[in-house]
Amino acid sequence: MKARKVTAAAAAVLALSVSATACGSDDKDDKGSGGGKKITIGIKFDQPGVGLKTPDGYTGFDVDVATYVAKELGYKAGDIEWKETPSADRETALQRGDVKFIAASYSINDERKEKVDFAGPYLLAHQDLLVRSDDKITKGTDLNGKKLCSVTGSTSAQNVKKEIAPKAQLREYGTYSECIDGLGSGAVDALTTDDSILAGYAAQEQYKGKYKLAGLKLTNENYGIGIKKGDSALQKKIDAALTKMVKDKSWEAAVKKNFGPANYKNEPAPKIGDIVK
Amino acid sequence: MFDFLEDYDLLEAFWMTVKLTVFAGIGSLVWGTLLAAMRVSPVPVMRWFGTAYVNIVRNIPLTVIIVFSSLGLADVFGITLGAADDVDVMSFRLAVLGLGAYTAAFVCEAVRSGINTVPVGQAEAARALGLSFSQVLGLIVLPQAFRSVIGPLTNVLIALTKNTTVAAAIGVAEAALLMKEMIENEAQLFLIAGIFAFGFVVLTLPTGLILGWLGKRMAVKR
Numbered sequence: 002m003k004a005r006k007v008t009a010a011a012a013a014v015l016a017l018s019v020s021a022t023a024c025g026s027d028d029k030d031d032k033g034s035g036g037g038k039k040i041t042i043g044i045k046f047d048q049p050g051v052g053l054k055t056p057d058g059y060t061g062f063d064v065d066v067a068t069y070v071a072k073e074l075g076y077k078a079g080d081i082e083w084k085e086t087p088s089a090d091r092e093t094a095l096q097r098g099d100v101k102f103i104a105a106s107y108s109i110n111d112e113r114k115e116k117v118d119f120a121g122p123y124l125l126a127h128q129d130l131l132v133r134s135d136d137k138i139t140k141g142t143d144l145n146g147k148k149l150c151s152v153t154g155s156t157s158a159q160n161v162k163k164e165i166a167p168k169a170q171l172r173e174y175g176t177y178s179e180c181i182d183g184l185g186s187g188a189v190d191a192l193t194t195d196d197s198i199l200a201g202y203a204a205q206e207q208y209k210g211k212y213k214l215a216g217l218k219l220t221n222e223n224y225g226i227g228i229k230k231g232d233s234a235l236q237k238k239i240d241a242a243l244t245k246m247v248k249d250k251s252w253e254a255a256v257k258k259n260f261g262p263a264n265y266k267n268e269p270a271p272k273i274g275d276i277v278k
Numbered sequence: 025m026f027d028f029l030e031d032y033d034l035l036e037a038f039w040m041t042v043k044l045t046v047f048a049g050i051g052s053l054v055w056g057t058l059l060a061a062m063r064v065s066p067v068p069v070m071r072w073f074g075t076a077y078v079n080i081v082r083n084i085p086l087t088v089i090i091v092f093s094s095l096g097l098a099d100v101f102g103i104t105l106g107a108a109d110d111v112d113v114m115s116f117r118l119a120v121l122g123l124g125a126y127t128a129a130f131v132c133e134a135v136r137s138g139i140n141t142v143p144v145g146q147a148e149a150a151r152a153l154g155l156s157f158s159q160v161l162g163l164i165v166l167p168q169a170f171r172s173v174i175g176p177l178t179n180v181l182i183a184l185t186k187n188t189t190v191a192a193a194i195g196v197a198e199a200a201l202l203m204k205e206m207i208e209n210e211a212q213l214f215l216i217a218g219i220f221a222f223g224f225v226v227l228t229l230p231t232g233l234i235l236g237w238l239g240k241r242m243a244v245k246r
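If you read the protein sequences in the order shown, they are chains B and L.
Just add 1 to the spot in the first sequence (first one is 1) and you have the numbering used here.
Just add 24 to the spot in the second sequence (first one is 1) and you have the numbering used here.
Excised from the complex, chain B in its bound form:
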């Protein structure tokens, strides 16, 4: 009994010192992380399959990726503090240093690149439609005249209005959950946003078999990991972690685990720095 305690203690000390040295080396450009014991990561709390807060903890693809990256940076899963970063808040959270990095369905674009830096991309998603299982929508223009639902002000909603189907009847609500009930009752015909998020909804227990992804690939969304502008050391480390994640098949496993049940046909893992326009 005693011997076991001693070994356990020794192992703990060893683990601590290893993680401490791992962080100690990159502490120069790392103000305010409190000696590197804890890491704060920004995710979404309300997107099933991508980033979701549940009573039992946090689940989703972004959460799995972030956990893997944090592990490569020398933080154990228990050292991670998750912080909700809604779309409008992501750049300021990084600039203020509230979070070390953000993995929150964060599409890389030029405007955002002026404010923050991105590691990755780690997933290529497309804007898509979620429709009732018996519906036939094969191209974007089929949507003209149909009732479509998306989140207020989101890029997906703007794309529909400007490019994909200007004559579609677009309803905008605060959250996708408000849309998805309308889809069930027939008040709307389709729900639109990134296919990864839609797959997460379709895979939820209560919607299984009722809805399907149309698979239209309307746009390309390159999900990157947002970091503070100019932190190239962290960027390199995260890129290395992402490369390793793809190599040792953890990436594939995370995709299958989070999006699999919805028949989501994922793109192959994107190469680092390779942004699909």
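The hints are simulated quantities; they were obtained by calculation from the structure and are not laboratory data.
Check each hint, because a few of them may be wrong.
What the hints assert, rightly or not - Straight-line Cα separation of at most 25 Å, DSS-like style, residue types lysine-lysine; simulated pairs:
| id | chain 1 | residue 1 | chain 2 | residue 2 |
| --- | --- | --- | --- | --- |
| 1 | B | K84 | B | K38 |
| 2 | L | K43 | B | K163 |
| 3 | B | K278 | B | K237 |
| 4 | L | K43 | B | K162 |
What the hints assert, rightly or not - Here chain B is said to cover these stretches of chain L; the calculated rule only asks that three of the stretch's residues, wherever they fall, bring their Cβ under 8 Å from a Cβ of chain B:
| id | segment |
| --- | --- |
| 5 | 97-105 |
| 6 | 188-201 |
| 7 | 209-217 |
Virtual Cβ for every residue (Gly too), placed ideally from N, Cα, C.
Following the hints, position chain L against chain B.
Below, chain L alone, put in the same frame as chain B:
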């Protein structure tokens, strides 16, 4: 710094805000005055209805009312206000309905406080002349009451102007919705929020100044 503004129609979004304010303002003024009349009427059931309406509607969050008009009235009960095949028009009308119904509760209370400033003798004298209740209220009491509540009603109107931003929750293309879009695209939270805050000050400050001046001029000196 401001060059991205060219891509967005700020004026159109604020024009939608103005339209929401004007239509909901007129609606709430009419409905609120009727409610106030009910609350001081001699018929118990009307008094009861007025009191119940004000106390219920005023205590429900506006977001709940607006979202209910869209998710509940339109989607579940099929009340589309004559615009079943144009979602934008329908959302606008539902938003006006929700905003008007909510603001009316506050207008009612402002008008009722104005009625209380009119000396009881005025109503008694009018009754003695043989005027009916609606004549007493419409010819004698309300005209005096309104002159004393221009100030409080201005506050209600300014609150309504700002409350129109809640209409973004059901996708009415007004200022708050454009703000969300711009923040999503441009990643400039403080600059964009500042522009919209300024826009609302431009809308509400003159309202307050003009109506405040009017209120002082019109007030009945007793």
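| task | Enumerate the violated hints, using their earlier numbering and listing them in ascending order. | result | none
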